Amino acid sequence: MLEESGGPCWLSEEVKTGTTIIGVEFDGGIVLGSDSRVSAGASVVNRVMNKLSLLHDKIYCALSGSAADAQTIAEIVNYQLDVHSVELGEDPLVRSAATLVKNISYKYKEELSAHLIVAGWDRRKGGQVYVTLNGLLSRQPFAVGGSGSSYIYGFVDAEYRKGMSRRETQEFVVNALTLAMSRDGSSGGVAYLVTIDETGTEEKCILGNDLPKFFDQ
Amino acid sequence: MSRGTNAGFDRHITIFSPEGRLYQVEYAFKAIAQSGLTSVGIRGKDCAIVVTQKKVPDKLLDPSTVTNMFPLTPRIGCVMTGQYADSRSQVHRARVEAAEWKYKFGYDITADMLCRRLADISQVYTQNAEMRPLGCCMILVAMDPQKGPVLYKCDPAGYYCGFRATGVGAKQQEANSYLEKKLKKRPELTYERSVEMAICCLSSILSMDFKSTELEVGVVTKDIPKFRTLTEAEIETHLTAIAERE
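Residue numbers (the UniProt record's numbering), protein chains in the order written: chain B, 1 to 217; chain Z, 1 to 246.
Worth flagging that the hints you see were computed from the coordinates, not collected in a lab. Since the model is a prediction, treat every value here as computed from it, not as a measurement. Treat the hints with caution; some may be incorrect.
[What the hints assert, rightly or not] Cross-link-like lysine-lysine pairs, in silico, DSS-like; alpha carbons within 30 Å at most:
id	chain 1	residue 1	chain 2	residue 2
1	Z	Lys226	B	Lys125
2	B	Lys204	Z	Lys104
3	Z	Lys182	B	Lys204
4	B	Lys107	Z	Lys102
5	Z	Lys102	B	Lys109
6	Z	Lys102	B	Lys204
7	Z	Lys54	B	Lys107
8	Z	Lys181	Z	Lys55
9	Z	Lys211	Z	Lys45
10	Z	Lys45	Z	Lys59
11	Z	Lys30	Z	Lys55
12	B	Lys213	B	Lys162
13	B	Lys109	Z	Lys104
14	Z	Lys222	Z	Lys54
15	Z	Lys45	Z	Lys226
16	Z	Lys55	Z	Lys182
17	B	Lys125	Z	Lys54
18	Z	Lys226	B	Lys204
19	Z	Lys30	Z	Lys54
[Stated by the list, open to error] Here chain Z is said to cover these stretches of chain B; the calculated rule only asks that three of the stretch's residues, wherever they fall, bring their Cβ under 8 Å from a Cβ of chain Z:
id	segment
20	64-78
21	86-96
[Said to hold, decoys possible] If you want the ones that stay clear, here's a sample from chain Z, every Cβ over 10 Å from chain B, calculated:
id	residue
22	Asp10
23	Gly20
24	Arg21
25	Gly36
26	Tyr103
27	Arg117
28	Ile121
29	Ala157
30	Tyr178
31	Lys181
32	Pro187
33	Cys200
34	Thr221
35	Asp223
36	Glu236
Just so it is clear, CB atoms sit at the ideal spot from N, CA and C, and this is done for glycine as well.
Bound conformation, chain Z alone:
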């Protein structure tokens, strides 16, 4: 077929290019990497954890108000990677969707249904010309009452999937390769091992040793199914354990 009458708009709005690509969606993925941060999520035997870098670029910023970890419901939490404003918009939408589900159907939403709902919303943005996709990616963790620990990721393309472990952000290729290697033998992942593996993954791909103020860790465990973020002291304990093992 001939080149068609796209008139070059296929890069500006979400319509197909002649090769069948959606450039705006691809640019959205680049926007995630632009933030410069990387996050990692690991699903253990009876826990699910997410770890992200905490970069406070400006000395005048109050670090206690900077966070990429967000509880969505008491049992489901997430880490956002990418454009901060888009992240907060998606988090707010997720919270409202979860509460609406509980009101409509009378029981708490599960992580997979919430992820599916957000992915479906993201897909709409890839079809509507008047709205752009969000430049952020969400990794959800929860203790599902039937399935145990679960880890889900949904991206700007509207794709979502459950993972044993995954990485998102500027260094996601390296993170995913590292995790693939470590999980190849399907080791049994206790809570401590999962947290340490995630922190080591970030250390290794970014070639830096972290201080407890430079990391954020969010966990759900079988004993405490509520989503919570670890305090600096708890992160310090894990960092010390890693250092001792080496």
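Here chain B stands alone, though its shape is the one from the complex:
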């Protein structure tokens, strides 16, 4: 084997949030969920990173793709929403936040490599989930993203039902994350959940041993 020169390989690998992220709408709000693994090549650089970023009080986004790109987009949109909301005098629309994210993703689509799922609650349309992959903007009842999402498309398509309650939606999200984390090498760690509805925002962290158990001989 040739000797590795120039230090450990994770120093030169790009830091990606090989990830599973999921956003689901329920009647009256949304649930956003993510795993917590940040990898640089084969190395886990951070095993407890919270990939659910605040854009505004009742609007969060889930980060996936390149860690730096995704965080930067979230921070810029947070700044833009700060000015926007104080000028409006009220909470911004989820669609506004998603549009701001989409505008950056589209304008710099050659340079950036990040996909953010934007979800939140506003007075006009209640809970909404938007995807902004590659600079498109689309509202969906639920959305999955990140490297781990490929393993759970079948699960979410089969198990999603319209009109789930808040509890059922949270369980659905946790189940999806658990299944993805157990099959995707770039996803793992703990599960972070954010539930947003009219009354407020609830952040939860579910540790590895508290995740549901599936067939795992």
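Since chain B is already given, all that's left is putting chain Z on it; use the hints.
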């Protein structure tokens, strides 16, 4: 030295007069008084409040769209006195500066830093010949996480300072004298006393009794550190309390 070759421009743009004055800046202060309104700010023990007159000169105007109180960030609010368009320009600039600070440094801007930034911007206008100073004065209030309630004022000259209480506008001399007298003994100012003192100050210097529709009150308190403007009903409660005490 001789009169120099000012050729009389010192009144038209911001260059020094032979006596060392900046006439344009002084005229800016006169522009504030021209609006005819007066505002008062008081810093209490665990609150900071600002009060201003609400004059709706035209019967066709919608009073709910007329305001001189502006939130700058969730925790910092201000009252503007002077030319309305200049006021809105300064408020917008303040909002953008505050948001930029949070984006750049990762934490909320404090009232003193925001006031300093606006004062520095105002100072630039007193040096640039191509821009005039703004004809408005801002009183900021906030609950500073370290210092508690704070009250700051910045004026067109680029001067800013923290105050225990201050007045701005057409009757600012009278307001400041009134406040100096009332605060001489350094009384303990609860929230109710601060609001009532500010309203009484305006009543006294303008010699009029206010209705709740003729006032705007903005407060930050320890319990609710978010800047908010009082509703007409809340103002009415304070007016009643004042009337009862007399």
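Exercise. Honestly, which of those hints from before does the structure not fit?
Worked result: Hints 3, 7, 10, 17, 26 are the ones this structure does not satisfy, whereas the remaining hints hold.
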